[in-house]
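Q: For reference, the chains in residue letters:
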Amino acid sequence: MTERNRPLERMAWQLFELFNATPRSRFKIELPVAPWQECVRLAKLIRKAQAHDCVHATEHLLQQFLETQQTLISRLTALQQELKPSSNASPRSTVSDLYLDLKALHEEFASVEYDRHNHQLTVTTDEIVLDDLQLGPFAIVLECDQLGNVSPFRVEATDANPASGSSRTTHPHVQDDTLCEGEGRVPLERALRQGRLFDFFLIVRQILSSYNSESAYVRIADWHGITCHDCGSTMVEEDRESCFRCETDLCSDCSYGCQSCSERFCNGCTEACEVCHEYYCQACLQTCSECELLYCEGCHTDDKCPNCVEKQETEANFSSAANPSVHAVRVGEVAVSP
Amino acid sequence: MRVLMINNDGAGFADYIDVEVGTTVEQLFTQQVKSGRPSDYLIRVNRLPSHREQVLQEGDRISITARKIEGAVGL
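Protein chains in written order, with numbering that gives the first Met the number 0: chain U, 0 to 337; chain R, 0 to 74.
Calculated from the structure, these hints are not laboratory results.
Each hint should be verified, as a subset may be incorrect.
As the list claims (entries may be wrong) - Which bits of chain U does chain R cover? Going by a derived footprint, with three or more residues having C-beta under 8 Å, they are:
#, region
1, 134-144
2, 209-219
Stated by the list, open to error - So these bits of chain R aren't anywhere near chain U, every CB distance computed over 12 Å:
#, residue
3, G21
4, T23
5, Q26
6, Q30
7, H50
8, R51
9, V54
Even glycine gets a Cβ: it sits at the ideal position worked out from N, Cα and C.
Required output: the full structure, derived from the provided sequences and hints.
A: Written as structure tokens, this is what we have:
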């Protein structure tokens, strides 16, 4: 016969009351505004990259757009499901379910503590290691009296190894103790709404155990600082600039602003106009059809550089001088143009 | 027979479903998760780790959680 655990039973009852104090009728509708705004921003950037024929940047942005679009769709789908009539609602946890969840949490995690005065359930993971980067254990603190709010939990590093350039970032996906759930957001929301505590903590742990380099506050490769592609110096995340064309990381000294389109570029993606000697990105420079000299829009005349235009004019003048309409022979006068 | 199926993947799903007597964990996984391998998921029966050949019982609680769930920056 299974032995009853009285403290866990009491905890399960308290949690049951808190979970049921947040009925569906008080469900706060949170529209996915952030992913929508990100889609709008990315679409704008894609159009810009396409206008500059930046193939690599366009591909990268399109991938980001697809992922953000998927997030938007998932969030809207989840909201739609949550707002369906209660007859279709998924089952909610009973006291018995919560008791079994708590028992399973004790077996699965290093530590489980409940602060009954502050209604905080804290579950601590084992050490999290991502690609050989040791980040230490994390305490997942669930505010059980805030279950109707968005993300009513925080994630605290108990033996933090923060990014060198950002002490607020204790994990590639945790900043200021807030976990950016990414793909886990919808299942986390559903688990909490249905009172599935064990699933909730398991999902958070799996997010902490995963790494998405495409969408990290600080990438693991940059955890101990970011290297400038051009000069090799190390910088912090806040100082990082990126080449608009090839997307390499640059320090502020190695990032050049194109005089025409104002985007930032690395040394390899910029050229000097050979007429005015200002720097421009390759997309904003043109090649002279005569001498193949690179020149900018400001120095542009038809499809020739100013040098060739001047040369052409000189030749035209010379030609006119050689064949005047009036021959000033022996009269002491200069040639007259037609 | 009825079991509680919890899929913590994608948009999430948790509800009672009917399965045939003798259904194994792997068979249920194949039915519920269209793409993906069982090894990429934590499959729990009544909150305990399970094995593929485990035969499900009436009232079992099966949860499927991806081992890798990618976080993101504040969306």
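Q: Does each hint hold? Answer for all of them.
A: Here is what the structure says about each hint:
no., hint, result
1, 134-144, "violated (count 0)"
2, 209-219, "holds (count 6)"
3, G21, "24 Å, holds"
4, T23, "22 Å, holds"
5, Q26, "22 Å, holds"
6, Q30, "18 Å, holds"
7, H50, "17 Å, holds"
8, R51, "19 Å, holds"
9, V54, "21 Å, holds"
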